[in-house]
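What follows is each chain in one-letter form.
Protein chains: 2
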Amino acid sequence: MDYRKQFFVSPGEKLKLAAIDPAHTAGHSSSEDALPEIQKHVARMAESQALLYADGQQSLLVVLQALDAAGKDGVVRHLFTGMNPQGTSVFGFKQPSAEEAAHDFLWRAHQRTPAKGEIVVFNRSHYEDVLVVRVHQLVAKSVWSGRYELIRDFEKMLVANGTRIVKFFLHISPEEQLLRFKQRLDDPARNWKISEGDYSEREFWSAYVEAYEEALSKTSSKDAPWYVIPANHKWFRNLAISQIIADTMGEMGLKLPPTRVDLKEITAKYHAAEAAQEKRAGKAPKPPSKK
Amino acid sequence: MDYRKQFFVSPGEKLKLAAIDPAHTAGHSSSEDALPEIQKHVARMAESQALLYADGQQSLLVVLQALDAAGKDGVVRHLFTGMNPQGTSVFGFKQPSAEEAAHDFLWRAHQRTPAKGEIVVFNRSHYEDVLVVRVHQLVAKSVWSGRYELIRDFEKMLVANGTRIVKFFLHISPEEQLLRFKQRLDDPARNWKISEGDYSEREFWSAYVEAYEEALSKTSSKDAPWYVIPANHKWFRNLAISQIIADTMGEMGLKLPPTRVDLKEITAKYHAAEAAQEKRAGKAPKPPSKK
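Residue numbers (my numbering), protein chains in the order written: chain W, 1 to 291; chain F, 1 to 291.
Hints may contain errors.
Heads up, the list lumps identical chains together, so a pair's fine if it works in one copy or across two of them.
[What the hints assert, rightly or not] Mimicking DSS-like on lysine-lysine, the simulated pairs with C-alpha atoms at most 25 Å apart in a straight line are:
#1 Lys14 x Lys94
#2 Lys222 x Lys193
#3 Lys269 x Lys16
#4 Lys16 x Lys218
#5 Lys16 x Lys264
#6 Lys116 x Lys193
#7 Lys141 x Lys269
Worth flagging that the hints you see were computed from the coordinates, not collected in a lab.
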């Protein structure tokens, strides 16, 4: 199953989230059933990450967006633990600071975009400025509705500089969300995660759906695709996202960079260093190598 | 074996690196022999990291310093892959940018220190300003020799704000370095890592040793300790460092934070949300729970 095809949001086409089953599993029956595949994809991701870093010519930006408890933190923990942290980082978007709020909405996102060779995961992102900001009317409609184009332009610029962008909306049902809230309530190891806002935001569910539908449809493109990931089943969410990221990186043409030095010259330096070392140790110098 | 005791650099005491065997293994015979212990320590580190993040009151700064090919990247890859990247990041210090060089030497380091809840690994660090800078006489002696105190003050301030600091010098022999250079030369998958400077820096080996001896001795303290890690054997290096970090974090008193909300109130909100959901679904409302 090619999840990139299955879950891709067609640019500009009207998106109806209600038409996508959040409990979809593409025929997989259980977590145990999916695990070997997930592990295979995560291993491919790690391999590609090492090449991306070594190559240092391109970068990857992963955007995670979802309603509360849909699993953004879980995606990070399950799929990015295991990537070399030298070259992989995660940035969580919170309420903007006073300094951030005093700038345009892309300013803080731009500061965290990946440098060449790096993977950056945005846990929430610049998309909040057409989502929570719209739902709670923090700016006028004329402002947020102009941002889709600004976001497209911004991402186009990143792509032009060698950044691959993949964006995931984790799609859960309100029933599943409530169930997860309940699990947090009942688990002393996790109830510190609960916030007062969890329940009040549920009132805005349909407004969020509407905001997501428009945002995803207006900012999905071939180069910066949005995927709607059925996420009621955590393991299926992990399976689909890991496959999509691994496939995306697999197409980036990543390879070990050529040696940037003159190997012959460096080999001569090596022999000189070796001879010096042996001289210090009082050994007879080796005859010069033919190699 | 308590490696924190064994490898601790006594504050102010004259350090002689030549007296420390870089091939030391504390009685372990092989990588296979050490692996189960390393895995245990890494698991403890990951557990502590999760608590550190949840707790959000303290932070951890790990400093890695060493001559070329001593294994800084290897420590990151082996010991920090497996930590949740949400809350763990690695910063590699390169040649300062023009903007960085235009500020005091601690400016760029300070920008990357961990926020509460975070672990940050410095791959190289502000110590370069009393190491490479001293060896290559990039500033006057009166300048670099004043920096030990500035570093102590800086780290004291971080500690006062809840940051634990652990600093590792990876100690290898020049023979081991040369061997590793040779391995890179011979491995097409790694010879992209070779730089022209590798060999020229070897000429300065004893100057570096002297600079490290003074820096470590003058900036080691109970709260921001330096450890000299025998690093000719990569697996022993990983064993000692993972034990020291796990032990250090084990003493930070990390625990799950108390719930920050009124659980009774949140539970009532949960029941209200549940009732609303059932009403929407057309089910008869549940009788109010006694719980």
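Hint by hint, here is what the structure shows:
no., hint, in the structure
1, Lys14 x Lys94, "neither (29 Å within a copy, 47 Å between copies)"
2, Lys222 x Lys193, "neither (36 Å within a copy, 34 Å between copies)"
3, Lys269 x Lys16, "neither (65 Å within a copy, 29 Å between copies)"
4, Lys16 x Lys218, "within (13 Å within a copy, 65 Å between copies)"
5, Lys16 x Lys264, "neither (61 Å within a copy, 37 Å between copies)"
6, Lys116 x Lys193, "between (34 Å within a copy, 16 Å between copies)"
7, Lys141 x Lys269, "neither (66 Å within a copy, 31 Å between copies)"
Hints 1, 2, 3, 5 and 7, counting from the list given before, are not met by this structure.
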